[in-house]
Each structure stands twice: as C-alpha cells, then as structure tokens.
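Student: UniProt numbering numbers the first residue of the sequence shown as 1 and each following residue consecutively.
Incorrect hints may appear among the rest.
Have a look at the derived ranges for each label pair, beta carbon to beta carbon [claimed, not checked]:
(1) ARG167 to GLY102: 16 to 26 Å
(2) ALA48 to PRO19: 17 to 27 Å
(3) VAL101 to SER47: 38 to 48 Å
Honestly, the hints are just simulated from the structure, not real lab data. The beta-carbon is built from N, C-alpha and C at its ideal position, and this holds for glycine as well.
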Amino acid sequence: MRSEDEARFRDMARRQAVPMRRFAYLLCGDWHLAEDLVQNALTKLYSAWWRIRGAESLDRYVRKTVVRCWLDEVRRPWRRVEDRTGVVPDVADHDGDPAAVGQRAQTRDLVLRALAEVPSRQRVVLVLRYFEDLSVADTAAAMGCSEGTVKSQSARGLDNLRAVIARSGLDSSALTGGRTES
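Build out the structure end to end from the sequences listed, making use of the hints.
Tutor: Right, dumping it as structure tokens:
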C-alpha cells in the first residue's frame, strides 16, 4: 500500500473507530465483542482499501463490513452457547431532571435488553434502520439483500421487540412518550 493510501486509511480508522464500536455494540450487546468486530472489520477494510473509492461510499462500505463481521460471528457455533448478558454501561446525564434521567436509563436498558433477544438478522435491520437512520435501500445495500427482505425483517423485528417489551411488563407507550406509530 502506498504511503498516502496508508495515511488515508489511518485517518479513516481514527474517525470511524468510535462510531463503528457503538454500531457494533448495538448489534451484539457486548462491548468486548464489539471491539473484536471493529478490529476484524478494520483488518478486512485494510486488505480491501485499494478497492474503496470515494468518501460517500466509504461510510456504507464500513457499515456493511461491520454487519458482515457480526453475521459471520453469530454463525459460529461456539458463540451460541455463550451467555453474554451483563450490566450495560451507563453514562451519567448531568443535564436532566434526576427522575427523567432515571426513566431514560431504564428505557434505554429495556430497549437494549429487548434488542439482544431479537434474532440477529432482524437486529441488524433494526439497528441500521432505526439507530443508524438508514433508508430501506441503504439498509438492503449494507446487508446485501433485497428491499423486501429489509421491510419484512424490519416488521418482524419490531414485532419481536414489542413482544419482549410486553413480556417485561412495561407498556410500550412509555417508550414513545405516549405517541403511537403510524
């Protein structure tokens, strides 16, 4: 790799490492595994760096690489037997009302726990669509599937997420602040 390409890669890795880790955590629910996914993705990106063209496609390529690393990881049989439930790290919010901060933390924890119970492909779709705010077309491109698959996996994933939340005993309207989805 030429020195200018290597410098470009290092710059990209510095800028993307934190967002990639946060994205990977939303997919897997484990900070240590998220770091492994980012490391694997960066290794794959480095080996394919000469093929990546343009800053516009770079974000999509990075996101798609993390998704593929996650899907490869969940296909490994030894990962299925692990119980990766643990304490979700919580960052203090000093700007809000203590009651509101507590409610947000409880809601965030509930959503993350519920998201961890959704099947992996549905979880990928939910994270890409609703956390990363990608369109159906961009989500399909990141996953390497059709837009119809994204729509059906999104609907199933939301149904599964609602079912998990309902089993927890919390009214799902508490998550939307009383709003209903249209």
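Student: Checked against the structure, which of the hints given earlier come out wrong?
Tutor: none
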